[in-house]
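If you want the building blocks of each chain, they are given just below.
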Amino acid sequence: MPPAAPRSGDAIFANVERVNAELFTLTYGAIVRQLLTDLEEVEEVNKQLDQMGYNIGIRLIDEFLAKSNVSRCVDFKETAEAIAKVGFKMFLGVTASVTNWDADGTSCSLVLEDNPLVDFVELPDTCQGLYYCNILSGVVRGALEMVSMKTEVTWIRDMLRGDDAYELQVKLLKQVPEEYPYKDDE
Amino acid sequence: MQFFGGSEISPLPPLPTASGNNAHMMYVFNRNGVCLLYREWNRPLRTLNAQQDHKLMFGLLFSLKSLTAKMDPTNAEKGNLGVPQLPGQGCSFHSFRTNTYKLSFMESSSGIKIILVTHPGTGDLLESLKYIYNLYVEYVVKNPLYSPGTPIRSELFDKTLDQYVRGLG
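Chains A and B, in that order, give the protein sequences. With the numbering used here applied, the first sequence has no gaps in its numbers, which climb one by one up to 186 at the end. With the numbering used here applied, the second sequence has no gaps in its numbers, which climb one by one up to 169 at the end.
Calculated directly from the structure, the hints in this document are not laboratory data. Treat the hints loosely; a few may be bogus.
[Stated by the list, open to error] When the alpha-carbon atoms are kept at most 27 Å apart in a straight line, the in silico DSSO-like pairs for lysine-lysine are as follows:
| # | chain 1 | residue 1 | chain 2 | residue 2 |
| --- | --- | --- | --- | --- |
| 1 | B | K70 | A | K89 |
| 2 | A | K174 | B | K159 |
| 3 | A | K67 | A | K85 |
| 4 | B | K130 | A | K77 |
| 5 | A | K89 | A | K77 |
| 6 | A | K47 | B | K130 |
[To be verified] Going by beta-carbon spacing under 8 Å, a handful of chain A positions derived as facing chain B:
| # | residue |
| --- | --- |
| 7 | I58 |
| 8 | I61 |
| 9 | E63 |
| 10 | L65 |
| 11 | A66 |
| 12 | M146 |
| 13 | V147 |
| 14 | E178 |
| 15 | P181 |
In this text, a Cβ means the ideal position worked out from N, Cα and C, and glycines have one as well.
Okay, chain A solo, but in the shape it has when bound (with noise of 0.2 Å):
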């Protein structure tokens, strides 16, 4: 029997139960609101967040390899556009495009046109150095950990401040294969 062929991100999306998007925003604003007045310094949050994420992506990748069937990438491009056409279309419900290749091709961003934690967001003078969606790149971080690559995830472009999209520069630090993890003589 043929193996089968890995799905496309729209046919995931398709078929996974959803929620209400005001429900998944709210919920994410009140996560981030409750961070802010628990640890009032706006890095410490920024930290927190990416930590949440993380704690997100060393689960979500299981989930993504489940149910989409991508086979192992070849390079770091082939990951790239499965995070940005595929995993993100199945969970957040948008697609996101890889630009910004770097020389070696191990750095890339990832920019989103539309992202739904943010509808009915503004920052306000307190809070400007906050990163309100830092909860991604933990999670970007998280998933592509568990699959063998350590990777820098930061955010180049937030529309939040002030600028025209949401960019996401992922870069790969580098790729640690499994060692057999019992010793000889045990």
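Given chain A, put chain B in place with the hints provided.
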């Protein structure tokens, strides 16, 4: 690996009855070698204690994967034997069969390995293993009280698995 002349030298084990399970046992490992799940339905002979049994199984698969990838006649690039590979890279072996059992294997790109040991008459179980992987995602990964990398203790998952495996083959 098929054992030729199995019918004269050592007879096949009796076919499972309608009420019995087709499957003998199942292991789930993560990328660090931690045995997340071990289920046993029909295992008459047990030689090692559980810890050693898991290590043996993991070691066996690790070596088999490495070996099959290096012996691949269609792959142009060949590293040295024993060099660790990225999960999912190269060819991945699916199963091996002896005269008394068949072991089917599936590995995801995130390093989750699912092993199912069944009766040798069983057909290709790749789709079934993928379904079990989906069950793992639904019942284990999505459970917020489960810490990734620790053994799975979920009654619901066990029950659903048992039901599914009973219907196999």
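Satisfaction of hint between K159(B) and K174(A), Cα-Cα up to 27 Å: violated, 40 Å
Pairwise hint evaluation, K77(A) against K89(A), where the allowed Cα distance is 27 Å at most: holds, 18 Å
Agreement of hint E63(A) with chain B interface, Cβ distance less than 8 Å: holds, 5 Å
Hinted contact M146(A) with chain B - closest CB pair below 8 Å: Interface hint status for M146(A): holds (4 Å vs cutoff 8 Å).
Proposed proximity, K89(A) with K70(B) (alpha carbon, max 27 Å): violated, 36 Å
Cut-off 8 Å, beta-carbon criterion: hint that V147(A) touches chain B: holds, 5 Å
Interface hint compliance - A66(A) to chain B, C-beta minimum distance less than 8 Å: Given a least distance of 5 Å, the restraint on A66(A) holds.
Given hint P181(A) near chain B, where the shortest CB pair must fall under 8 Å: holds, 4 Å
Cut-off 8 Å, beta-carbon criterion: hint that I58(A) touches chain B: holds, 6 Å
Holds or violated: K67(A) to K85(A), with C-alpha atoms at most 27 Å apart: Answer holds: K67(A) to K85(A) is near 14 Å, not above 27 Å.
Supplied contact hint for E178(A), tested at 8 Å Cβ to chain B: Holds, because the Cβ-Cβ distance from E178(A) to chain B comes to roughly 5 Å (cut-off 8 Å).
Restraint check, 8 Å cut-off on beta carbons, for I61(A) near chain B: Interface hint status for I61(A): holds (5 Å vs cutoff 8 Å).
The structure does not agree with the numbered hints 1, 2, 6 stated previously, though it agrees with the rest.
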